[in-house]
Structures are given as structure tokens and as C-alpha cells.
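Chain residues, written in single-letter form:
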Amino acid sequence: MPQSTLKNYLWESRLFRGRALVAVVIVVCLVLVVVMRLINLQVINHEHFTTLSQDNRVKVLPLPPTRGLIYDRNGLILAQNVPTFSLEVTPERVTEMDQTLEALGKIVAIEDSDFKRFERLRKQRRRFDSIPIRVRLDEQEVARLAANRHLFPGVEIQAKLLRHYPLEDKTAHAVGYVGRINEQELQQIDNSAYSGTSHIGKTGIEKSYEKLLHGEVGLQQVEVNAFGRVIRVLQSKAPIPGKNLHLSLDAGLQHAAMTAFGEETGAAVAIDPANGAILALVSNPGFDPNLFVEGISSEDYDALQKSETKPLFNRAIRGQYPPGSTVKPFIGLAGLETGTIGIAQKNYCPGFYQLPGHSHKYRDWRKGGHGSVSIDDAIIQSCDVFFYALAHQLGIDRLHDFLSRFGFGRKTEADIADERSGLLPSKEWKRQRRKAPWYPGETLIAGIGQGYMLTTPLQLAHATATLAGGGVNRIPMLVSQVFDSTGRPSLPPNANLQVKLPVNDPENWKTIIAAMTQVIEGQRGTARLIRNEHYHIAGKTGTAQVFTVKQDEEYDEEKIDKKMRDHALFIAFAPVEKPRIAVAVIVENGGHGGSVAAPIAKRIMDYHLLEQQP
Amino acid sequence: MTRPRVHQPSGLPESNPTRADGLLADLHLDIPLLTGLFLLCGFGLVVLYSASDQHGGQIERQLFRLGAAFVGTLLVAQIPPAQLRRWSPWFYGFALLLLITVLIVGEIGKGAQRWLDIGVFRFQPSELTKLSVPMMIAWFLAEKPLPPQWKRLLAAGAMILLPVLLIARQPDLGTSLLVASAGIFVLFLAGLSWRFILGMMITAIPVGWITWEWGMHDYQRDRVLTFLDPESDPLGTGYHIIQSKIAIGSGGLYGKGWLNGTQSHLEFLPERTTDFIFAVLSEEFGLIGILLLLTLYLLIILRGMYIAVQAQDTYSRLLAGTVTLVFFFYLFINTGMVTGILPVVGVPLPLVSYGGTSLVTIMIGFGILMSIHTHRKLLPT
Chain D
1 MPQSTLKNYL WESRLFRGRA LVAVVIVVCL VLVVVMRLIN LQVINHEHFT
51 TLSQDNRVKV LPLPPTRGLI YDRNGLILAQ NVPTFSLEVT PERVTEMDQT
101 LEALGKIVAI EDSDFKRFER LRKQRRRFDS IPIRVRLDEQ EVARLAANRH
151 LFPGVEIQAK LLRHYPLEDK TAHAVGYVGR INEQELQQID NSAYSGTSHI
201 GKTGIEKSYE KLLHGEVGLQ QVEVNAFGRV IRVLQSKAPI PGKNLHLSLD
251 AGLQHAAMTA FGEETGAAVA IDPANGAILA LVSNPGFDPN LFVEGISSED
301 YDALQKSETK PLFNRAIRGQ YPPGSTVKPF IGLAGLETGT IGIAQKNYCP
351 GFYQLPGHSH KYRDWRKGGH GSVSIDDAII QSCDVFFYAL AHQLGIDRLH
401 DFLSRFGFGR KTEADIADER SGLLPSKEWK RQRRKAPWYP GETLIAGIGQ
451 GYMLTTPLQL AHATATLAGG GVNRIPMLVS QVFDSTGRPS LPPNANLQVK
501 LPVNDPENWK TIIAAMTQVI EGQRGTARLI RNEHYHIAGK TGTAQVFTVK
551 QDEEYDEEKI DKKMRDHALF IAFAPVEKPR IAVAVIVENG GHGGSVAAPI
601 AKRIMDYHLL EQQP
Chain Y
615 MTRPRVHQPS GLPESNPTRA DGLLADLHLD IPLLTGLFLL CGFGLVVLYS
665 ASDQHGGQIE RQLFRLGAAF VGTLLVAQIP PAQLRRWSPW FYGFALLLLI
715 TVLIVGEIGK GAQRWLDIGV FRFQPSELTK LSVPMMIAWF LAEKPLPPQW
765 KRLLAAGAMI LLPVLLIARQ PDLGTSLLVA SAGIFVLFLA GLSWRFILGM
815 MITAIPVGWI TWEWGMHDYQ RDRVLTFLDP ESDPLGTGYH IIQSKIAIGS
865 GGLYGKGWLN GTQSHLEFLP ERTTDFIFAV LSEEFGLIGI LLLLTLYLLI
915 ILRGMYIAVQ AQDTYSRLLA GTVTLVFFFY LFINTGMVTG ILPVVGVPLP
965 LVSYGGTSLV TIMIGFGILM SIHTHRKLLP T
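Top line first, the protein sequences correspond to chains D and Y.
Mind the numbering: the first sequence is residues 1 to 614 in my numbering, read in order.
Mind the numbering: the second sequence is residues 615 to 995 in my numbering, read in order.
The hints are simulated quantities; they were obtained by calculation from the structure and are not laboratory data.
Yeah, the Cβ is synthetic: ideal placement off N, Cα and C, and Gly gets one too.
One or more of the hints may lead you astray.
[As the list claims (entries may be wrong)] Covered by chain D, per the in silico footprint, the following chain Y stretches (three or more residues, Cβ under 8 angstroms): (1) 651 to 659; (2) 759 to 769; (3) 782 to 792; (4) 865 to 876; (5) 894 to 903; (6) 934 to 942; (7) 947 to 958.
[Claimed, not checked] The following residues of chain D were derived to be distant from chain Y, with all beta-carbon distances above 10 angstroms: (8) I131; (9) A146; (10) Y439; (11) G591.
All chains, full assembly: derive it from the sequences and hints.
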């Protein structure tokens, strides 16, 4: 006790009481400050912080849909999803990583490159993410691993679906393939719809039907902790699988066509004139589309790119060739329908044609000429002079307008991606694109399908089908039916779109088709090689120049390099009475249409009409 | 950490309780204060159980610490205030000596040094100063009649500043702040003139500026800056406060329920068993739970102030009042920090945060309070 008087003691006591009271008041005030702060956080801004708290813990994970399957007209599968297995390690759950990897290496082969990739990914990913150490395990490896699985905690076999094309090169150009989404595609697609999807259709039907095949992404709402580890699933919305496509394409016919081509490069397209359905779409040689699915190796890609035969080039829809004489039936029909010539009218063919006032000789393929020919003879024998004269009389613009009705010079709008439009010249086109006037001589060579005019095999088949179908222009379709995951069928977009062409006189059409029939059946027909007793074919051969012979020189096949030889073309439909198939065949540098292209077309038609393997 | 000194034979006093309340009174324990402390510690354990993800081991260790701290309370309560008062200067000198030792060891070890390893256990000498400083100042000021004269104030100021600077050099901002506040509370309770207090507040502005410029480490400045705008560094220093505010705010009025706090259980909230345990409580028990907790704290503080006012000599009054106010200061700094109205300084929520050192100091402080209250003599009225 301090030495103090009672008075002093009371005074100090009172002083302390005062100070203690002030202190208590301050304490209560400060506690109230904290309470007000808490009210601000917990009551006034409660919703804001609840949202932040939810954002912290709830993440949405995409569930990618399964891609739709593709079948041919007989239900044969053309594109499917097959599980592939990879061996994955979760670092967090493995105590002795080096020992584990060494032991795994004794069960399955693990290359140095596998180790490198594993170490690289291990640095990038989180400890609880599984990292692949081996991909594409075969069945034996999977079995061996499965048997030893209990020895390796934290090591798992993961299955994922990979696109697979069982017919490989046979359907490569028609069906196309999928590949990993690249930068450019990433810009174009709806990123939320593709979250979780790694592949996208790159070519063919896979590309044109991407939207239907892909399906709809599902979502999984999960709770995660501060490190991103999934703690539990809160909610999920299942993905909707992509739609299955049933094609009008006949895998057997594809195979038959490819076989018929053999070593030749070229393309063939077959269409059912009755409905525009594409029965076959072949570009030879094909390639194995499965190489592209998981990313093609640079060696494989170089080999395909550098190959002389250009296997990656889809000649059926992107190859643009002069139609040559295969355009003659259409020009002949133009002459009849416009009344420029009559059915029985005859012109003399001396073996060449000269424009009035010009000395230049436009030669016929037959040196001595065909003599006096009418329209049917001109088609049967493929008289050039007759068509020079007819083209000259029609003029390029009338020619252009009539041919464009059959789809020449523009895309057929078939349901396959990246089709090219070919070229149907006109005065307008030349003025705009070439900044030059049209010369009359250019009309003449257009009359025999040379010069500026270019067509794709698909366009030729389409035009032939239009002719065979009596003048109904139908959009060629690869897909006949679309099935959703519940099996409910629907029609593809653009199905049954058609335009009825004007017909002045059905006799004109009959005359042309009769002449085309005589191309095969007639004694002097250019394709009499494929005459047969089973059904009647209407057709037209063609030869497209790759190389222009100078005025005074002769074309000698033997002397010319194979690459500079003429392309052989043939268009046909059968049976003439009730056409069921229209075909266009192009054999690159094949020489004569009648001898090279027509037999291929015959084997395609045989397969389809007689159901016989060639 | 005064336990070693308690075992001196002279420390066992002849008790002279004014009221006989059975065994507890014989043990010099104050029942209202003890009830409040037990309720608070019990609540704390419930929260810690959740914050530690139902980690039984942590609860066990915390229970052991609480037991040890309570033994400290019990032992200190037996020492009569007069004895404590006699020991005050010696205790002050001893603590100062340890602080210097720690600093020298730290200089040699080239790094922040707070701990002193004396074989069997390690402890922070700075913890001792939390008690030794107020004891010393109370002893010093009680020598002469209150209010203190200028010279005494100046001397007392120096006595406070010396250990505070030593601790700040460690560097340990939280503890130096608490020690300084303890000294200042004694001065305030001793009747520091209001004019002086006002003067100090006005001086604090330039002093604060000088401290900011020259007296602070970068990390301390960062903390202040982060406090002013936590979102400016959301992945670094601001992360604690942002996550803490989310935890508190999302708790709302009623909380997410015990063991259901997503911020804490999904590990978004850092240091959730120690400095930020208040956020766990806010998230799981909501405003209602916090008000309950704050009520418990206020009851303990009011009881402490009552004991101080009832004390019979100046030394006891000053010491009891200061111990109580330091206890409050812990609470205010921690809740202010966790709710984002004060900078982040490492101060635990007293008696609730996981960890031993401050727990023992605080409980010994309450032992002093009980000693003061139960050693009163009957006074002539």
C-alpha cells in the first residue's frame, strides 16, 4: 500500500473511477464500430458476398457430347467413336514416382518421348490432375495393366472416344475427317458450345454437318476448393449427343468405283436422278483419314503432300476440268430448244471450221471430217465442227444462260464442304474478271467444252442427272436421313429442293437422249466398248485438253509426258428407260474418254444396277 | 510466462478473503470472471473444431494449452498483489534482459528472431513484456500520488518505449503495439491529463508520417497500403482480407451453420485456425453468433473493470484496469483486422485463436485480476 492519506486515497479512487468509466465508454463505442462494420458486411452487403462466396466455390465444368455416327445407305458404319486407352498417373497419389514409373515401364513400353511429355505436363498441371504417361495402349497392354493395377495406386487406365473411319481411304473424300480444333476455327465457333470438345469436322460431311454431328454440350456444376480440386458435384445437365447421319452413299459402290480406277487418278460421282441422292463420290487415290484424327505426324503429312497423285486433293468436288465433249449433249439441247437448229438439219464437216473472214482453222478431232452430220450424228461421233458452228450461231451469252440451268458455273449446293464452282464463261464474266472483250473464237472452243469452261465431276454428274430426270434440277444430297439420339428421324436441311427447268419440246430432249444412247449402242458410237445386254446406257465421252497443240503440230499421245496427256471424261445414265443412276467419271491424263473413263462408269453402273461386284 | 517465478516459497501468501465462498474462494478464483472465461473458451473450441476441419489433434493440443494456462491463472491468483508489486521492477528488468538476448542471438543468426530456445521449450520474451511493462509502470506511478507529475510521465514513457522498440526491431508489429498500448493504458488510468492526451493526438500526425517514411519495413507498409485498398493486390497481401470479408459477408445474419462454412472448409480462408478464426465464426454462426461472442467478451471486460474499480490500492487498480483493457485491445485489433477496418497485424482473437503463447499470457493476466479481487481486506468505511 502506498503511503498516502485517506483524503489522497479517496481522491485517487475517484480519479480512477472516472478514468475507468471513460475507458468502458470507449470500449463499448469501439465494439459498436465493429458491430456496425459487421452489419455492413453481413446484412447490407450479404448478397454481394454470398455471390462472391458462390463464385469461389462453384465451378461449371463442360460435359462434351458424343459425336453423331455416320452410316451408308445400307447401314454400314462409316464414322464411329471408338474408345482408346491411355495410362495416366496422378502425382499426388504416388509416393515414389521414379520407382512407379520404372515398374510401369516393365509392363508396357514407355519411350523417352513419353517420359519427356510426362515431365513437361507434370510441371504445368496440378498435383491432383492425372497426367498421361502412355497413349494408345493396345488391348494386350490394357489387359496386362489391369491385372497389375492393385500394385500401382494413383495409376489409372483412362478411356476416351476417338473418331474412327473403318473404310479408311474408300470414304475419305466423301465423309471427310475430324481433327483438333485449331486457332482459326476457335475464332469462328461458339466457344461455350465447344467447351470440352477437342475435335471438329475438317472436311467432307464431317465439316458440312458439323452442327448436327457435334450435339449439345452438357454442364456439371461442381464445388471446388481454393486449389481447384473438385469436392463434389452439385448439379449436372447431361449433354445431348450429336445426330446420327444416314447417307445415300453406298459404301460398296464407293469400293467398286475405287477398284475400277485402279492406279489411275481421277474422280467419279454417281447420283440417283430420281431424287438427287449421291450414290458414290470418289476421288482416287484416297488416303487414310484416321491419320488426321489425333494429329498427323509431319512425316505422314509430308508424304501425302508431296505425292505426285495428290491423295489429299478431293477431285470430285474441287477438281476443275474442262468438260470437253461431255458438254455437247447440253449444247445440242440448247440449239434445239432455242430453235437455232432443227432435229433433222444437217451440216457439213470438212474436218475444220473457219470463222467468216478469218484464216484460223478450228480443227475437228477427226482429220478428214465427218461429212454431212445432223445433231444426233454429231453427238454420237462427237463431231467438233458441228458444235463450232452451233456455238457460233448461239453466241456465248445464250450458251451461258442455257448451260447455267443445268448447274454449270456455280456450286451445286450439295451437302459437302468446300465444293468449288467451276467456270461458265460469258461476255460479262470476261469483262469483269479478265478486263478484256470476248472474241468469237472463244465461243467456238466453248462449244466443245474447252477454253475457259471448267466443271467439277460433281457438277457434271449433277447436270447429267438433271438431263436424265427430264429437266428437274435437284440439289445433290449425301445425307438422306438424320436420326437424333432417341431414334427419331428427320430430313437434312435443303432436302427435296428442286427446280423444274422449262421444256419447249419434249422431242428435243428425247432426240438428245437417243443420240446419247447411240454413243454406246451405235456402230460408230465413241463408247461402244461398254455396250451390254443387261441395260441400256445413254452417255457421252469427252477428252479435255491439258496441253494445247500448236496450229501446225499434231497431238501424239506417245510422245507426250503422261502428266500432259488429255483428261478422259465420260458422263452416262442408265437405264435409259427409267434412269436410276447418273455418273460422271474423269480420269486424269487418261487419254480417251471412250476407252478409259467409260469402262469405269460401266463398272459403277453395273454394281448399282446389277448388284454385282466388279 | 511467469510460471518459474511462482514456485518461490515466498509466493505462497496468507490469504485473507473478505467473503468465504467455499472451495473456489479458497483458491482465490473469481466465479463470475471464471464463468465468462470458461464460456468463451468453450465457444472458441467449438469454432476451432470446425476451423481445423474436425481435426481432433488440434483440439487436444488446444485443450492442453488451455489447461496449462488455467494452471497459470490458478497459481498467479494465489500471489497477493503486494508481492506482485514488489517483484514488478525485477520482473521488468528480467524481461528486458531476455529481449536484448533475443535480439543479439537474432543479429548473429541474421534474421527475424522472436523465439528463445531454452532446451525444454521455446518462448517469446516479448510475451513477458505484455505483463512486465504494465506491472512496472503501475509500480512506478503508484509510488507517488496521482495524477503523475511531468518528470514521472517522461520516465514512464521511456520505460514503455525501450521494450517496445526492442520488440519492433524483431520485427513484431503486433506485439510491440500491444505492449505500447499496455503502457499507455496505465498512464491513462493513472490520470494522464486530457490536455496531454490531446497534445499527443495532434503530435501523432507528424510522428505517424515520420514512422511511415523511416520507421516501417516494406512489408508493414504494404500491409497498410493493402488495408487501404485490398483489391489492389488480390493475389498477394490483399487475398487474406478479401477472402475474410467474403467469409464474414456470406455468413449473413444466421450463418451457414456449424461445419458448413464453405470459405473455411474449402480452404479459401487463410490462417483460419489462428488470426482469422473470427471469420470462420462469422461465416458459420452469422451476426447472431458474433453478437453472442462479443457479449461474452464484454461481460469479461466489464467484470475486469469492476474488479479494477473495487481494488484497494493504486497499483492493483492500475494493473487490473490495464490487463482488462489490453484484453479488449486484442479483441478490437483482431476483429478490426479480420473485418477489414484495421491493417493486418498478427494479433490473435484472445482465448479463441489456436496457439499457446498469448493464451498463457492472457490467462495469467486474469490470474492477477483474481488475485487482486480475492486478496482485498475489509476496509473501514
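Verification of the supplied hints:
1. Look at the region 651 to 659 of chain Y against chain D: 0 of its residues bring a Cβ nearer than 8 angstroms to a Cβ of that chain, fewer than three, so the hint is violated.
2. Proximity of the region 759 to 769 of chain Y to chain D, defined as three or more residues with a beta carbon under 8 angstroms from a beta carbon of that chain, is established by the 3 residues found.
3. Residue count for the region 782 to 792 of chain Y with a Cβ under 8 angstroms from a Cβ of chain D: 0. That is fewer than the three needed, and the coverage hint is violated.
4. For the region 865 to 876 of chain Y, the stated coverage by chain D is satisfied: 4 residues place a CB nearer than 8 angstroms to a CB of that chain, which reaches the threshold of 3.
5. Against chain D, the region 894 to 903 of chain Y contributes 3 residues with a C-beta closer than 8 angstroms to a partner C-beta. That satisfies the three-residue criterion, and the hint holds.
6. Under the rule that three or more residues need a Cβ within less than 8 angstroms of chain D, the assignment of the region 934 to 942 of chain Y holds, with 3 such residues.
7. Given as covered by chain D, the region 947 to 958 of chain Y passes the check, having 5 residues with a CB less than 8 angstroms from a CB of that chain where 3 are the minimum.
8. Distance check on D/I131: its Cβ is at least 23 angstroms (rounded) from any Cβ of chain Y, clearing the 10 angstroms threshold; non-interface status holds.
9. No Cβ of chain Y approaches the Cβ of D/A146 within 10 angstroms, the least distance being about 35 angstroms, so the stated non-interface status holds.
10. With a closest Cβ-Cβ approach of about 73 angstroms to chain Y, D/Y439 is found to remain outside the 10 angstroms limit, as its non-interface label requires.
11. At roughly 73 angstroms, the least C-beta separation between D/G591 and chain Y is larger than 10 angstroms, which holds for a residue marked as non-interface.
Hints 1 and 3 from the list above are not met by this structure, while the remaining hints are.
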